[in-house]
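Listed below, chain by chain, are the residues.
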Amino acid sequence: MNPLAAIGRATLAFLAATGSVVLFGLQAIAAGLTGRLYVRQLGRQMLEIGYFSLPVVGLTAIFTGMVLALQSYTGFSRFEAQNAIPTIVVLSMTRELGPVLAGLMVAGRVGAAIAAELGTMRVTEQIDALSTLATDPLRYLVFPRLLAATLMLPLLVVVADIIGVMGGWLVSVYKLGFGPIEFINRSFEHLKTEDVVSGLVKAAVFGFIVALMGCYQGYRSRGGAQGVGAATTRAVVSASILILVANYVVTELFFAR
Amino acid sequence: MSPRSDAPPPKIRIRGLKKSFGRKKVLDGLDLDIPQGRSLVVIGGSGSGKSVLIKCILGLIKPDAGSIRIDDVELVGASRATLEAARRKVGMLFQGAALFDSLPVWENVAFGLLARRLVDRKQARERAIATLAKVGLGPEAADLYPAELSGGMQKRVGLARAIAAEPEILFFDEPTTGLDPIMADVINELIRTLVSELGATALSITHDMASVRKIAHRVAMLYEGRIIWEGPVERLDDSGNPYVDQFVHGRASGPIKLRV
Ligand SMILES: Nc1ncnc2c1ncn2[C@@H]1O[C@H](COP(=O)(O)OP(=O)(O)OP(=O)(O)O)[C@@H](O)[C@H]1O
Ligand SMILES: [Mg+2]
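As they're listed, the protein sequences go chains A and B. So my numbering is basically just the index in the first sequence, starting at one, shifted up by 12. So my numbering is basically just the index in the second sequence, starting at one, shifted up by 2.
No false leads were slipped in.
What the simulated footprint calls covered on chain B by chain A, stretch by stretch (three residues with Cβ under 8 Å from a Cβ of chain A suffice, anywhere in the stretch; the number is not a length):
id	region
1	53–62
2	93–100
If you want a taste of the chain B side facing chain A, the calculated C-beta under 8 Å gives, among others:
id	residue
3	R89
4	R90
5	F113
6	G114
7	A117
8	R118
Since the hints were derived computationally from the structure, they do not count as laboratory data. A virtual CB, placed ideally from N, CA and C, is assigned to each residue, including glycine.
Isolated chain B (complex conformation) (with noise of 0.2 Å):
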């Protein structure tokens, strides 16, 4: 999976984007691409605005300022029923799972299947634990509670969410952690996988650098507010880049200063 040198346009470009929470600017004029069919995974701090930067995307946060296009359709500032098509596009695994505590697991995968009303119930159901079982999850799991999963399966149903509906753009919020090595790697080698057979582009966020070796294509890092080094994972060692060097490392000492 080495990439091409014949660059296909890029499925999500961001420009200039900027939100500030009060008076603390979390992200200050960041731009991104991200091409189609590519695996993008954005490295960075606790607190750097990994979170931010994917639900600005997804329109649940509103940006102060910027450009962001998902195949080349302006979504700041666009109409609901813009953001909305986009977000049809879109599967997203969130940090903390985000599953629906008052439904089972299988409703919880199929929701958005049901919601687009692609299949009926029983279909669903099918589906759901289909979809289950490529996350390592047995249809027994399928009519549980989130309440009654530990927090790995609870994030293994999320991400069988997220990806039930086989989207375009896959955003993967931290997918890995709280995962046994193991398990990490087989989720590691689905989020491959989807990404080379159904050509989906992923976006994902992880401290994991294991995991970031495994599922990405490029690697972008977020310091301070915008992205500092973009390039191909084969390059993550020699960056060139002190900050990147610091954090890949995992040493304490370097450029990056934590403000505690």
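If we strip away everything but chain A, and leave its shape as in the complex, we get (with noise of 0.2 Å):
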């Protein structure tokens, strides 16, 4: 086995790969602009992706935002810069936890779910009936998908800031004796509103990802259910690879700044 082939093979491969993806999403995007926006499938996602993910996300963001303030305490308290809690804790939510965390439970949570509905339908026919029935399935299926997810991952990420820095809030206020307001004074002091925005661009750039990788999976997915089940794995692990990296590369443009 020549070493050089097979590290040319799998580059090729990953770049067809990444090729197709994107050519995918940028058809399902012209396809969507082009023509009718079919709103009724845009409001039932916008609420199975928003709305229904409120609970995991909330839950999420309560425990990371107490966890942090308590090891922020451990670490902090050992040069006495408690002070700097509140502070850590909004930062670390609005800029980094908030949006990646969000991300990760609604790549396994949505993502999963649009490839098991679109690999469903492709395998039983249902997206080949759709072309026959005046229908294209880019703009009907993918689309509202799309832009469902980068719409609501920003406002499912304002929820996971709020919840979270409560959450820092409750352990600080009743377990470290904090003042319930200097907190939150504190915690306002430093916020940037470039803090939040950068979280919130992650968070549309994640729900695009989220909903990208599993309607793609999903739409390609082949051979019964087994397949489905294929893609249904593979939709979530890039999902979430995909948001780590773009994580870092959203972080890079705006620290650049």
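Could you use the hints to bring the two separately framed chains together as a complex?
Here it is in structure tokens:
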């Protein structure tokens, strides 16, 4: 076995996969922007992706905020820097943990559901049936999901940010001896618009990634229940990895400014 | 319903159609004409490529080579817009019904009407109920979901969805499979009526010889990727083709070898 050939093959396969995902996304966007918008589909997806993800995202956020306060206390009390805790909590939540954790939770919940639904529609020929009924499946199925996820994830992250800071507040006030007002004042002291905005930009990007990977894998699934299962796994894994990569890229972009 | 001598020009004209999946040749230079307003039935063994043929015509599967023309418009390698325009002329019943399981029955049936914005939702529901009645389903079925239906009912809903917009061309992939003999006959009658009253052109696939005799004007047999015999249904029993004979009479011995 020639190791160079193996590396070459892997690289080519990776580039081909990237190209076909990008092409799929562009085709879906083009289809969505050139024809009618399926408002019912969009509404249904916004409800599914946004509203029904609230419990999962909220729970993740509150415990993350709580543990943030606790852990930073452990560290910062060693050099008398406890006053920084509110700032740490609010910056970590808005810039980083809110969007990333919400993104990963939604990847597991929504990305999997999208891949399974579209995959089932593919193998039972429902996607073919759409084409024969004067409906472009990219416009009807894919575009509303991409749009809904891109719009709803930032809203989810706003909620996650608030709940997360609330978690930090609870622990700080009831366990670490902060004054309730003091914590809130301090947490806003160093918070800039950019911190929140960068988090929301991340959220929109992550939402798009989750929906795109779910749709792409589902749309292309083959071979019955097993194929749909495999597509679902691929959707979640690829979306999660891409979220972590995109997280660095977006952070870098905001950092440079 | 005997074939007329002054045959009208073909509604659908297929030449040299080829399609392989990997190394497996499914269609291998297939030629077929479907005359305007006639009902043609394709027969052939399981896995011989009948469903693939229909999907090629609809552009759901991209052929490797050949020509497909509907109303003299070339569809192989055509633009999306051309393909979409051609699909609008066609109503299709899928082999597995392929109902949208997130929508109730009536929205399934009226899907094409709503998509073309021919009607509002209220009218769409009425049209759906009227179409359901044609396939022997009462209005109480309208609000059920596909998962709540028996296989035969799903097939009938699929049929209703295919005919709801009264298309010029109808494709039926095994319309009577999974139905009891009486319901199968109702569906056969319905297909006959649709073709004669609407003047629709129909391409059906079936293994059910009773159905072939009832709905076909012409019959074509698909074997090893080509049409090996094509003729009026009256000639089915004296086709002079041993392959057709074996298939029509369902004999295990003959020239057709099953590759298990
Ligand atoms: N999307 C596909 N990918 C790979 N192979 C396919 C695909 N679709 C069909 N085939 C293969 O093409 C052949 C013909 O399939 P097709 O569904 O047309 O059979 P059929 O004549 O309709 O059979 P049946 O009467 O059982 O429905 C089969 O061997 C099938 O495995
Ligand atoms: Mg078939």
